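J.: Please model the complete structure; the sequences and the hints are all you need to start from.
There are 2 protein chains.
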Amino acid sequence: MEKISPLAPKKFPTMPPVAGVRLGAAACGERYKGRHDLLFAEFGPGTRVAGVLTQSQTPGAPVKWCRQLLPGGRARGLVVNAGNANVYGGRRGDTAAIHTAKAAAKLIGAPAEEIFIASTGVIGEPLRTERIIGALPGLYENLSPTAWRTGAGAIMTTDTFPKGASRRAKIGGEYVTIAGIAKGSGMIAPNMATMLAFLFTDAHLPVRVLNTLLRVANERSFNSITVDGDTSTSDSCLLFATGAGAQHPSVTSARDKRLKAFRLALEEVMTDLAQQIVRDGEGAEKFITVRVTGAASEAAARRSALLIANSPLIKTAVAGADPNWGRLVMAVGRSGEKINPNRMAILIGGQLVARDGGIAPGYRETMAARHMRGREIELAVDLAVGKGTATVWSCDLTHRYIDINADYRS
Amino acid sequence: MEKISPLAPKKFPTMPPVAGVRLGAAACGERYKGRHDLLFAEFGPGTRVAGVLTQSQTPGAPVKWCRQLLPGGRARGLVVNAGNANVYGGRRGDTAAIHTAKAAAKLIGAPAEEIFIASTGVIGEPLRTERIIGALPGLYENLSPTAWRTGAGAIMTTDTFPKGASRRAKIGGEYVTIAGIAKGSGMIAPNMATMLAFLFTDAHLPVRVLNTLLRVANERSFNSITVDGDTSTSDSCLLFATGAGAQHPSVTSARDKRLKAFRLALEEVMTDLAQQIVRDGEGAEKFITVRVTGAASEAAARRSALLIANSPLIKTAVAGADPNWGRLVMAVGRSGEKINPNRMAILIGGQLVARDGGIAPGYRETMAARHMRGREIELAVDLAVGKGTATVWSCDLTHRYIDINADYRS
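Top to bottom, those sequences are chains Z and H. So for the first sequence, this note's numbering puts the first residue at 243; every next one is plus one. So for the second sequence, this note's numbering puts the first residue at 243; every next one is plus one.
The set of hints was computed from the structure by calculation and includes no laboratory data. Where hints are given, some of them may not hold.
Pairs count within a copy or across copies, as identical chains cannot be separated in the list.
Capping the alpha-carbon separation at 30 Å, the derived lysine-lysine pairs in DSS-like fashion look like this [as the list claims (entries may be wrong)]:
1) Lys412 to Lys499
2) Lys580 to Lys306
3) Lys629 to Lys306
As the structure is a prediction and not an experimental result, all values here were calculated from the model.
T.: Written as structure tokens, this is what we have:
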């Protein structure tokens, strides 16, 4: 067992039930011993679902299965196993996902096409489904509306702590709940693929609206974090809306003003989970916030910020507590985004370091160095060409990352 | 002084003079003590020049100076200093480059607009030119046609060995010589910006032809290597053709068949130097060759290969001698290039590991693991969609990389 990340939250949050959602976990021993490695969740009738899936061209079988199901927009269950990602398993891998869905569907009494599947773990090893399918009936007997922590723990691979977050928000004067769990410890953990995030709400919203809300929030949360810049074959983020708490008025457009609080709450839950993933980044000792302002657009700002956040030279400088702003100049220069090199500004820990093509008057490196010795590092760049802003989160690159990833698998 | 890279060539090659080129080095002590840090080269009248410069939007003053000069296509001298990159120095930095060019021009008796400048070293510190300009006259007295090793040594920053290569080739039945020196130890060395490469030939070729030959060879050499994926603010590759050895017939097109041997020789010199840079990659213990075949185009193959070569998860797997082919599946999947996941093939050390969507029959991991324990690692992927091929070179990601780059600058 890994030592818990020094950046981990003090404890797993207290999370309320979400009407229409019950979940639980079991140990099926596909790879791990002595721990839960299987999550099962059931959703009430009428549950709608939206999702964003990895853009990898070598996606896992569960991703392909979910991609087929999403246009239907309906969900009654979710099964997630940890230890084997069921990636690159050919037809046999596809069959494994379908068999799992069918077994869960039978227990719930729903079509298999409403059972979502995710797998995380080793790539390229055949997934044997007997243990998973064998564990489902007993697990189904014991589903509970409050098993968030158990569920979040069951989907961990090299994660060092379970990740959960929740918020309440009003739609048209009536409260709804949003709860989420996630896993990930690197865009790809060692041999273990994946970032997974599952969001649950009792709001009653059309699939089209859910998809829009999820996509926008996803850009600003999970698509705004990076540990090592590698993209998993299994990344999946699914939003289930049971409608079971729906006292609120009917809403048919994602732009409806009554959704503002819900939109913000969803973004908060997703950002909270995304930041927890970075805080559990492989070998992470420091949490880095990169803010880019003055870009040509929000998307341009995000691309520049991710380039800074992904640079091994910046990540190692942070590890070494070196306020090496020359590397920020380098990273911004190579981003390909529009910049004004003679007007741009660079800040470390809120202190202006450079601007207008040179070191800022009054810049004190001792202050910047003190900031860099902390756990929470803030880097900011203003590109001086427009109004686009974005914030992304990353972690430092340490010896521990190499220890973890250079270890032979066996 | 760093320990010499375990991947370094046994010795600096024996390099012939290039008619019309004299060079030398001196210690001006801008940053380093007790070593040469200034290179000066003079070219005979009529020398033509072609160049490719960093695409960074925060280029150093020397890069901006060279960019102004290149359309003229004429060169009489080259001055390179190591220790200070003269980047992000504002107007003062631009003036420093111009003053250096003027001083060299006066000695040679040529216009300043024919003196090329490059600087490599720390970003963001003002470059004082007095020492450089003061050292030039004595240096000019002692230029020699054979000071390749001295010259290659003077432009090193964190390099652990000097880099040189040469070839002879016939144009229309007559021999010409190509010689080159380069520096670089990471796309960006710690605080030290830069990959620099200077090529010299006595061939007599028009600027247009030189530019075409240089661009094509550059794609397959310096643009096909990566240490950490970061792009320097100072990357420069210049090709000087003195015409002084020109017994060969006049050639006016880069497509002229009589240039075939020269084209190959130029590519060989540049690839040789490029590979030496990778062999001196920060912390490198293993040299990685990534070959991609079956891509939609050569450019697509190169992009896929660079993505594999840049992946921290693959670089750490190589460091750990782990034939972790799942990470190759991941990297190919995220490249965004066209692939056929059900037909693609993966090879490690020439052994077929996976194909047609699963592990290859007869794959022996022990053999792949033995290959991975060597110094020279070969990874190959066939994307199964077209005829594009490319080869790129990289090195592993080791603890030493972090030691070097997480060190505080002072």
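J.: Confirm or reject each hint.
T.: Cross-check of the supplied hints:
1. Lys412 to Lys499: Within one copy only: 11 Å inside, 75 Å across.
2. Lys580 to Lys306: Intra 37 Å, inter 18 Å, cutoff 30 Å: inter-copy only.
3. Lys629 to Lys306: between (38 Å within a copy, 28 Å between copies)
Violated hints: none; the structure is consistent with every hint.
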